[in-house]
Amino acid sequence: MKKETSAGICEIEAFDPNRVSKAQKNLIPREKAKWVARGFQALGHPARLKLLDALSSGELCVCDLAQVLDMPVSTVSFHLKELRIAEVVDYRTEGKLAIYFLNKCNWVDYFLDAEGRAVQDQ
Numbered sequence: 001m002k003k004e005t006s007a008g009i010c011e012i013e014a015f016d017p018n019r020v021s022k023a024q025k026n027l028i029p030r031e032k033a034k035w036v037a038r039g040f041q042a043l044g045h046p047a048r049l050k051l052l053d054a055l056s057s058g059e060l061c062v063c064d065l066a067q068v069l070d071m072p073v074s075t076v077s078f079h080l081k082e083l084r085i086a087e088v089v090d091y092r093t094e095g096k097l098a099i100y101f102l103n104k105c106n107w108v109d110y111f112l113d114a115e116g117r118a119v120q121d122q
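Per our numbering, residue 1 is the first one in the sequence shown, and the count goes up by one each step.
Take the hints with a grain of salt, since some may be wrong.
What the hints assert, rightly or not - Here are the simulated SDA-like cross-link-like pairs (lysine to any residue), alpha carbons at most 20 Å apart as the crow flies: (1) 81 x 92; (2) 50 x 84; (3) 50 x 68; (4) 104 x 59; (5) 104 x 85; (6) 32 x 92; (7) 96 x 78; (8) 104 x 31; (9) 50 x 74; (10) 50 x 32; (11) 50 x 66.
Read the hints as simulated data drawn from the structure, not as lab findings.
Source: prediction; values computed, not measured.
With the sequences and hints as input, model every part of the structure.
And the structure:
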């Protein structure tokens, strides 16, 4: 059995094959881990969290979002692009308007659940 120091570092290099095997079987697949990490990276900016929060109430166009967040349209568009790349949001067009909405994915629900809210049906 390995002895741990007070700093949380093992003093010897040893492992338990049963625990290692169990942990390996439960690992998130590499591609899914990359996708989730990209999503969390995209949500790692306060403006993007505010966009997520605003869109939790329903669909909004870029100009609506700029007004809600008191930001320039260009800034909102930049952040929406990052959220689109991470598949957090998507959009549809109505004439010349780009209407944004939340993609249904678990970690978006986790954020909203932390706020005590749920994603409204689109």
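Please verify whether residue 81 and residue 92 have alpha carbons no more than 20 Å apart. holds (14 Å)
With a cut-off of 20 Å on the C-alpha distance, tell me whether residue 50 and residue 74 pass. Since the Cα atoms of residue 50 and residue 74 sit roughly 16 Å apart, the hinted pair holds (cutoff 20 Å).
Are the Cα atoms of residue 50 and residue 66 separated by 20 Å or less? Holds, because 11 Å separates the two Cα atoms, which is no more than 20 Å.
Below or equal to 20 Å on CA atoms is what counts here, so check residue 50 against residue 68. Holds, because 9 Å separates the two Cα atoms, which is no more than 20 Å.
Do the alpha carbons of residue 104 and residue 59 lie within 20 Å of each other, as the hint requires? Status holds; Cα separation ~13 Å.
Decide if the proposed pair is consistent with the structure: residue 50 and residue 32, CA atoms, cutoff 20 Å inclusive. violated (25 Å)
Decide if the proposed pair is consistent with the structure: residue 50 and residue 84, CA atoms, cutoff 20 Å inclusive. holds (15 Å)
Residue 96 and residue 78: Cα distance at most 20 Å? holds (18 Å)
With a cut-off of 20 Å on the C-alpha distance, tell me whether residue 104 and residue 85 pass. The hint holds at about 15 Å.
Tell me if the straight-line CA distance from residue 104 to residue 31 falls inside 20 Å. holds (19 Å)
Below or equal to 20 Å on CA atoms is what counts here, so check residue 32 against residue 92. violated (26 Å)
Going down the numbered hints, you'll see the structure goes against 6 and 10, while the others check out.
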